[in-house]
Each structure stands twice: as C-alpha cells, then as structure tokens.
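Use these hints to put chain U onto chain G, whose structure you have.
If you read the sequences in order, they're chains G and U.
Under this note's numbering, think of the first position of the first sequence as 1, with each following residue one higher.
Under this note's numbering, think of the first position of the second sequence as 1, with each following residue one higher.
Keep in mind that the hints were calculated from the coordinates and are not lab data.
Nothing here was measured: the structure is a model prediction, and the numbers come from that model.
Some clues are possibly wrong.
[Unchecked claim] Here are the simulated distance ranges between beta carbons: (1) U:K132 x G:P66: 36 to 44 Å; (2) U:I446 x G:T108: 55 to 63 Å; (3) G:V138 x U:E362: 48 to 56 Å; (4) U:V503 x G:V138: 35 to 43 Å; (5) U:I262 x G:R72: 48 to 56 Å; (6) U:E197 x G:G117: 20 to 28 Å; (7) G:K105 x U:K213: 37 to 45 Å; (8) U:K132 x G:V138: 33 to 41 Å; (9) G:S151 x U:E447: 45 to 53 Å; (10) U:P5 x G:V135: 48 to 56 Å; (11) G:K137 x U:V110: 19 to 27 Å; (12) U:I4 x G:V135: 47 to 55 Å.
[To be verified] Stretches of chain U that chain G covers, calculated by requiring three or more beta carbons in the stretch to come under 8 Å of a beta carbon on chain G: (13) 42 to 54; (14) 118 to 130; (15) 187 to 193; (16) 202 to 215; (17) 260 to 266.
By construction, the Cβ of each residue, glycine as well, lies at the ideal position given by its N, Cα and C atoms.
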Amino acid sequence: MQKMIVVDNEKCTGCRLCELVCSVKHDGVSNPARSRIHIIKWHNQGLYLPILCQQCKEAACMAVCPQDAIYRDKELNRVMVNYDLCIGCKMCVAACPFGGMGVNKDSTVIKCDLCDGDPQCVRFCDMKAVNYVDVSKVTLTKKREVVDRFSEYMSKF
Amino acid sequence: MKAIPIELRKKWVGGRGLDAYLLYNHCKPKCNPFGPDNSLLISGGIIAGCPASASARTHVMAKSPLTGYVGSANMGGFFAPELAWAGFHHLVIKGKAEKPVYIFINDDEVEIRDAKNVWGAGIYDTQDIIRKELRDEEVQVLCCGPAGENLVRFANVMTGHKNSGGRTGMGAVMGSKNLKAVAVRGTMDLDIAFPQEALEYNKELIDMVIKSKVSQVMQRWGTMFMYGVTNSTGLIRTRNFQKNQLFGGEDLECENLDNVSIGFDGCFGCQVHCRQRYIINEGPYAGVYTQGPEYASQGAFGTEPEINDMESVLVANHLVNDYGMDTLEIGSMIAWAMELYETGILTVKDTDGVNLEFGNKEALLTMIEKIAKREGLGDILAEGPLRAAQKIGKGSEKYLIHVKGMSNLHSDERATPALALNIATASRGSDHLRSRPAIDLYNLPIEVLDKVYRNNPVPYEGPLVNSYNSYVGKPWMVIWQEMNFMAVDSMGMCKFHTIFLGVNHPTFPEFSKILYLNTGLEMSPEEIWNAANRASTMERLFNIREGMTRKDDMLVDRYFDEPTPGGFPVARGKHIDRKKFKAMLDEYYQLHEWDKNGVPTGEFLKKMGIDEEPSHQL
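Excised from the complex, chain G in its bound form (with noise of 0.2 Å):
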C-alpha cells in the first residue's frame, strides 16, 4: 500500500497546529521557522493553504542535487535526503517549485520525512485539511465530494 499526504485547504482552519507539532517532533522546540509544513496565508482574502513536500516521482530537488544526497525511499513512498553526502548547497531548495525543501535554523536543508509512517500534522488536523491516505483512495474521494454536492444542486430542481 503506498500512501501520501493529500491536502484539503477548504478545511484549513490557518491554526498552524501543524508547524507546531512538526517542529516539537522534529527539533524538540517550538518554532515555525523550522518546521517542514507551513500555512500560507492570504489575511485579507480569508485563504489558507497548507503547503508542505510534494514527494514528487521525477523531484526536482533530487535532479538538481551535485552529491546524489537525494533519494527515493519506496517503502513509504517519499524523498529522502542522505545528510551523509549533503553539502548543504541549498540547489534543492532553489529547484523545489513549491517550497517543499526549507533550510533549518543551523542552514541545513530540511523538508517533509512523513515522520517515518505517521505524520503528526495529520495526525493533529482534527478539520482534517492535511491528510495522510491510500494513493488509490485519492481520487475516489474527490470524486464522492463532487458527486455529493452535484446531487445537492440537482435536489434544487
């Protein structure tokens, strides 16, 4: 079974709970500027959008990187980064189009590990915007949400 954090940003709630909890598991601190998932958000249009690794199958990160210090885990399905072989050159974070690879408080590169299987974000989201689920569940439950607020607007007529 391969799963993957699916985000859900109508649910958000911008509480940032997330950052928290991924900073406390990761660092042992509280602190939003190290945490691997952050809450972007528009304060005067009311938007939040949780905003974290991608995992993506042809990485950017992964290409552009000199050491081959980035990996493909394939038992959980992420991208992982050998600290071994990194030379902390910061290409990946330039290469990454979301701004999935951040850089911790000591200047090395950090990003999204799914906390080895249960992601803390997730497992804290009690709106459950992020969302850590089966990759064959993904759409079908796009699907039945469409499909719920179809017959909600057919039921009109």
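Okay, now just chain U, sitting in the frame of chain G:
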C-alpha cells in the same frame, strides 16, 4: 530587557497574573489613564506557543480609561506565540510618544518606527500596510483602530480580523500614547522541557476538549449557538433591558451564517475554531471579507437594538472590528441611547436627525460611525456609560445597565443569581470572562458539582445547589471560576479549553501537568490556585488604590426592581432579591478572606506574600 526571575514565575505564573503584579508596580497611583504615567502591559501567557491545546492568548493591561480601575483585555490569534518566538513574554510600555509610532520587535531587536502610513487606518489596513512595509507577511500585528486614536473609551486592541482585546478601552490607552501598533516577528526556538511527552499530552488535551458536545457545537457554530438557547429561555437582553426575549428573532439564528461562511478560523493551535470566515454577500458592504460574528455580536447588533436581521449583525461586526471598538460596550451604549430616545430624554435634535428608534438598522450603523469618529451624539456615547449619562443628564443614568462603569454582556442575569454575582464582582467591571459559573445553567447532577467545586484543588465544605435560580452556594462557584479564569489567563490558554462551558475540560490538575511538561516549572494544582488567588487579590488592591469600595460591587437598580417579562417559567418574572444578593456578597468576601467591605487585610496579604507590594522586583 530583563529576565523574569523564577520566584516571580512561581508567585504570578505569567500573562494576566504577572501583568497584575506589573500594573501595581508600574502604574502611578491615581494617574490619568490617558496620561504618560499609565503603563501599558502586553503579554503572552507562560505557555504561549507551546503544544498545550490552546496557547494563543495575548493579554493587555493598563489603568482603564472607561472604569478608572483595572483595565484588562484578553485575545486570541497569533500575536502571543510570535512574541514568544521573538524571545519575549511581557512588554511594559511607559510614557508617551511625541508623534504616532509603532514598535517592531524582530527576534530580540526592538525598533520604534514612524506610524505616519498607518495612523488613521482601520485595523485590517493597518496590519496589511505594516506587513508590506516590513516586507514580511508572517509578521503579527497588534494595533488600535481609529477609535483608539480618537480616545473612544471602549476602543479595543486588535490582532487579525476579529481577535479583540476588548473591554476597558485598552485601544484608547494605545491611542493616548501615540502608539498605533506593536508588530512582532519571531524565529527563535521556544524550548520545550519534555518535547515528546508534551506533544503526546497535547493530543490528550485536545481530545479531552473536542470530545465534549459543547466544543463540537462550537466547532460548527462558534459562540453563536448560544443565541437559540438563551433567546428561547429568556436569558438574553433585549431593548436595552426592557425585555428578555426577541420574538421572531429567527433571522439571527446561527444557521443563517451558512449563507455567507467560507470556512472556519482557528487561533494558534486550537481545534475548536470558534469563528467563521465570511464574505458579506449583499448590500452596500457586499464583498467585504471578515471573521466572526459572535454571540456578543448577535446581542449587541441584534437583540439589544431589536433588529431581527443577520445582515446588520454581519455589517456592524465588520465596522466595529475595523474601527477597533468593543462590541459589547457599543451595543449597550446604542441600545441605551435608543431607550432614551423612546422615553424622550434624547430627541431628534440631540441625534443630529438620526431616528434612534429600536429596530432601525440604518441608525445602528450610523451611530457606530459617529461613535468611532466622535461626531455629535457619538462624541458623548464614546465617553462610556457613566460619563455619557452625566453629560446627557435628565435622569438618563437610571437606564444604564453597567457595573463599575462598564456595560454588561447582552445576557439577562435576573434569573441567575450566580451570574449576577459574577458580573457584580468582576475586577474589570461587569463581565463574563473574569468569572462565569456558566455550567450552573446546565442544572448538573450534584455529584458533578462536587467533582468540579470540592477539593479541586482546595477544600470547600459549604452547600452546592444545582438550580440556577438559587442563591445558595453560588458565591463559591463565582470564586472558583474566578481562580480558574485567572489561572487560564496566566497560563495563556483559552477559556473554551477549561471548565467554562464544558465540565470535563482541563483545569488545575491539567494546568499543573501542562506547566511541568512544557516549561519544567513544578507547581502543584494548589500552588497554581494560590498564584491565581494572589493575582486576583492584586487586581483588587489596584482597584482599591484607585478608589473602589464595596458599593462598586453592585448591580444597577433595574436588576432588583424590574422582573423579567418573558421566557420559560425558570426565567419569567424573575428579579434579583436585594437582601439575598447582599448576603451572597458578604459570603463572597468571607470566602475570599477579605473584610466585610471587600478589602484584603494585613494578615491575608501576608499569607499571600504580597504585604510589601509594590516591591519593584521587576
């Protein structure tokens, strides 16, 4: 910049508790609240930014320009955590700037900047402009609106779209200091004493809170769900104080919010997310995005002016937030003016042509603007209840619904003696967030009351009665909640995450564990109670120093003389019994170990370790 000594942490914890100490030490006795001798205190709780269910609250304190006593405002949002990541827990702001400024705290650097670009701006624009000016969208801004600049005595301190440091006019204190805003950006580590354990305990706390039915309802409707219950029972204030129900008030029901809501909004780390994000979809304000509204807004802009129209609640909520004013106070002031208009004390001449009849939506919105800008009658109403009544004269004072010069929440406490005692004794004036035995309204089984109120954590041997019409055992409930709320405000947690509306929510034992796992500070539940008691006494001492006496802990005559006209039998025909109320007040003082005039005396102060305040340790 000073470190907070550990002894002071143990004595006052932080947030509102430590602010009470700082106010007593840094505010010049009998000073003019708008003068440079008043000190403005801004703080996060001791666990601000920690994984502890809801650690978002910011506290603001100063001498109040509204009441002349303790000024205190508490709000959610993201300011307090950001302040903690910048390395600060408490700010003490003294004196007065020569021209409008704002303070920018960037990690451990503090800069005072020119505020010419934001002076005069509403609170949404102020935050937006400052973020653009500092080129950082993550900056958190706490500010006053135009009402604060105009010294409206109930102006708020605001952060985000609706997080309101409301009540007692803290925004006007900012305005009087020419301080438009405090902006903060923090990227430093906030150490957690036992990170993994704190994380796991956080999960436990969240589950504890969101498992309760009341939280689940709040997650869906916010505080607005209360309107349906209180309106049908007859526990809501309508037409100033003439009625306790709004008939045909269906348009104000929370369900109507679904037409405009685009989702929920949560303060930092909170899973209760008690407010909606909404876009006004019709009328002259169509397209405006903001957040809220609350139960308080339904009362202030719905039941009080008797306007059965959700749009007026949505628009008024937006205007009052943007100008940075206190919803409760402005709703009360306008409803009071409407009653004066009805009785003929105010005429169309006094209102500059505004038809101040109950139910007039346009008049409500016009008066909001006039108060914020201090125009005409608005200039008088901006002075708050007592000063406005003095200016208007003609017996207008007897129509006021206030305690200590601050207007009441739009609930009707005539059927609920516990809540009546709570608003009468609250340190910042009539208020439901300095003590609120709200669970009294549930008629809980006695065993549950025993569990909450006895030995939790201090002994209580007196009676406990579960009828909310009763006067028996209520003073202890008021004191218990007073300590509970002081502890929450000192921790920096939200009251929806303690025993306020849900009996199984965290309280003293959980506070003790939260404190230990996150900060490493070991304080037993009793020690936290004692710290809350100390801080509560400190606020009392401040009020007494500013001239408060027993007669300030009193309801207005209408509570005693006018029975409620409507509602269910439990709420109909009720009024507060003067003699029984006096007995409750005596018992309240006695349980507090204060003297019969409500003054904490020598021996008690010694026991609390505050007989030598102000000690200027910090």
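Q. For this structure, which hints from the list above don't hold up?
A. Of the numbered hints, 5 and 11 do not hold.
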